[in-house]
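Both chains come to you apart, so use the hints to assemble them.
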Amino acid sequence: MSRHDPLANPLALLPRVHAYVAYRIGPGADAEDVTSETFARAVRYRESYDSSKGAPLGWLIGIARRCVDEALAERRAPEYEADPVEGRDLEQRTIDRLTLKTALERLSPRDRELIGLRYGADLSAREIGALLDIAPNAVDVALHRCLARLRALLEAGNPM
Amino acid sequence: MKFRNQFSGLEHRLRAERAEPSDELQRAVSELTAWRPSARSHRPIRLAAAAALTLTLMVTAAALGTSSFAGNLKGAGGASAASQYGQYGEKVIICHRPGKKTTGVTLRLSPEGAKAHLREHAGDTAGPCP
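From first to last, the protein sequence lines stand for chains A and B.
Note that the working numbering has the first sequence beginning at 1, numbered continuously upward.
Note that the working numbering has the second sequence beginning at 1, numbered continuously upward.
Chain B on its own, in the form it takes in the complex (with noise of 0.2 angstroms):
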């Protein structure tokens, strides 16, 4: 296009001075994507999966005398952390802190990785961000 040429020189300098994305964030997208559920699940095959867990976990949620999930606990911890599974199905809501700011993002994860998070990321607490 004829007009084009007359701001070459300016799209040149808008792609060359655009923004690039921090070490940590391109490390957070990362870690954020990393995650995918089974190729092999299908629909009928999740629910019965997410029933069986959850009525997994309300036979270990009675016997540990505990009443709710998510929320009450910070942190990665054995036992505390196993709690927290299976509230929502086969997903389980952490806030992911992947840098400078306090709020995080609040992720849906399967159980396996939210144990993850919660393991190797300090910042990251079970349930979502405030």
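Next comes chain A alone, as it looks inside the complex (with noise of 0.2 angstroms):
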């Protein structure tokens, strides 16, 4: 096999797109077929891979991203799933024993999107970057803050 085959070890990037997936539009069957649809893209599009252009991750997260920005455009954006705990309105349902997962929901999705390729595709600063069109330096302020506001939403939810 080529050296140069982006695909020649896909179960090693697999979790990484997995996991970018999942942060982007959230866990279970939706995410599972957004990575099953990347990587059908991939094969058809392996041939096309420049390993001058940057690693096979990367790649397979561009082809990634354009397959979640589709699957957000047509189910449109995601609902809260809010607490059903009966006796409670909404203020209090929303506020009350935040999990990481409801937390994320809770962010824009631009802070999703750095949030999956930081954490999610384990991505360098200097690789979303190039991803996002944007200096490191940008990258690792606009994390930060990301950050700030993910650990805000959290405790809000857990006061203790």
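No wet-lab data here; the hints were simulated from the structure.
Keep in mind it's a predicted model, so treat the numbers as computed, not measured.
Misleading hints may appear alongside valid ones.
What follows is a set of in silico ranges between Cβ atoms, one per label pair, in the way DEER data are often shown [unchecked claim]:
| # | chain 1 | residue 1 | chain 2 | residue 2 | range |
| --- | --- | --- | --- | --- | --- |
| 1 | A | Arg106 | B | Ala122 | 39 to 45 angstroms |
| 2 | B | Gly123 | A | Ser52 | 37 to 43 angstroms |
| 3 | A | Glu74 | B | Ser8 | 34 to 40 angstroms |
| 4 | A | Arg149 | B | Pro128 | 39 to 45 angstroms |
Here are the computed lysine to aspartate or glutamate pairs in the EDC-like style, where the Cα-Cα straight-line distance is at most 16 angstroms [unchecked claim]:
| # | chain 1 | residue 1 | chain 2 | residue 2 |
| --- | --- | --- | --- | --- |
| 5 | A | Lys101 | B | Glu20 |
| 6 | B | Lys115 | B | Glu31 |
| 7 | A | Lys101 | B | Glu24 |
| 8 | A | Lys101 | A | Glu155 |
| 9 | A | Lys101 | B | Glu17 |
A few chain A residues that face chain B, going by a derived Cβ cut-off under 7 angstroms, partial list only [to be verified]:
| # | residue |
| --- | --- |
| 10 | Pro10 |
| 11 | Leu14 |
| 12 | Pro15 |
| 13 | His18 |
| 14 | Ala19 |
| 15 | Pro27 |
| 16 | Glu32 |
| 17 | Glu37 |
| 18 | Phe39 |
| 19 | Val43 |
| 20 | Tyr119 |
| 21 | Gly120 |
| 22 | Ala125 |
| 23 | Leu131 |
| 24 | Leu147 |
We put the CB at the ideal spot given by N, CA and C, even for glycine.
Right under this line is the structure:
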């Protein structure tokens, strides 16, 4: 096999691609379907991969981004799933005991993208900057602010 | 970076709690990526092979009396599957359904790869996914 085949070791890349997709649209069957579609497209376009432009993971994540955007456009913005606890008003339900998943759902799509790229796909600031067309320093700043917002959401739900 | 230390616990949690792909998805991706064209193939050879294959199948189609290919049949079957080959040159389009979701993923495969998918996966069908 050619050493430039981006899919020479797909199972090593799959967890990172899937984690990125799951951080963007939530875990579950939808994330698995979008991940599957990502690899299906990668198979079709594998011959177009140029190793001089970056590692296979970055190439795959680029494909995954488009698949996620298409999936989100098809199903519209996901609604928050309020905790179905009887006897509480909506405001109390939304701040009461937020889990990480629930907190992530309350982030903006941009923040979820950053979280997905950095902590799902494990991309470096430079690789993220190349995908988003921003400087690596700007990626670091954006991530810092994103984590601050996420922590604030988590702390609001866990006053202890 | 100094500010990274403020969030080290949260960063660790984001990595520790990230979703993992199911066994089914791993199998599907493994199968999807298993096929690839021959490393020796070059564009002129592929074009010549595609032309030869197309010509052969046109003759076959005339003999079988069929005028259309992909999209007419569901599932695998010796002569039926064979009549699907070649509509798109050396690539054959199938709908591969790796798991729960019914819509599946549209794949473009070699005739041999398509035949293997249709034979080994009862849910796969000829033609693009709806």
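Comparing the hints with the structure gives:
1. A/Arg106 - B/Ala122: 39 to 45 angstroms: For B/Ala122 against A/Arg106, whose Cβ atoms are near 42 angstroms apart, the range 39 to 45 angstroms holds.
2. B/Gly123 - A/Ser52: 37 to 43 angstroms: At roughly 39 angstroms between Cβ atoms, A/Ser52 and B/Gly123 fall inside 37 to 43 angstroms, so the hint holds.
3. A/Glu74 - B/Ser8: 34 to 40 angstroms: Holds - the Cβ-Cβ distance for A/Glu74 and B/Ser8, about 37 angstroms, lies within 34 to 40 angstroms.
4. A/Arg149 - B/Pro128: 39 to 45 angstroms: Check passed, 42 angstroms falls within 39 to 45 angstroms.
5. A/Lys101 - B/Glu20: holds (14 angstroms)
6. B/Lys115 - B/Glu31: Roughly 13 angstroms between the alpha carbons, so the hint for B/Lys115 and B/Glu31 holds.
7. A/Lys101 - B/Glu24: At roughly 23 angstroms apart (the allowed maximum being 16 angstroms), B/Glu24 and A/Lys101 break the hint.
8. A/Lys101 - A/Glu155: Answer holds: A/Lys101 to A/Glu155 is near 14 angstroms, not above 16 angstroms.
9. A/Lys101 - B/Glu17: holds (9 angstroms)
10. Pro10: Cβ of A/Pro10 sits 4 angstroms from chain B, so the hint holds.
11. Leu14: holds (5 angstroms)
12. Pro15: At about 6 angstroms, which falls below the 7 angstroms cut-off, the nearest Cβ of chain B leaves the hint on A/Pro15 intact, so it holds.
13. His18: holds (4 angstroms)
14. Ala19: holds (4 angstroms)
15. Pro27: holds (4 angstroms)
16. Glu32: holds (5 angstroms)
17. Glu37: holds (5 angstroms)
18. Phe39: Cβ of A/Phe39 sits 5 angstroms from chain B, so the hint holds.
19. Val43: Where the cut-off is 7 angstroms and the nearest Cβ of chain B is about 6 angstroms from A/Val43, the hint holds.
20. Tyr119: Where the cut-off is 7 angstroms and the nearest Cβ of chain B is about 4 angstroms from A/Tyr119, the hint holds.
21. Gly120: Check passed: Cβ of A/Gly120 comes within 6 angstroms of chain B, closer than 7 angstroms.
22. Ala125: Check failed: Cβ of A/Ala125 comes no nearer than 10 angstroms to chain B, outside 7 angstroms.
23. Leu131: This hint is violated: A/Leu131 lies away from chain B, its Cβ roughly 18 angstroms from the closest one there, beyond 7 angstroms.
24. Leu147: holds (4 angstroms)
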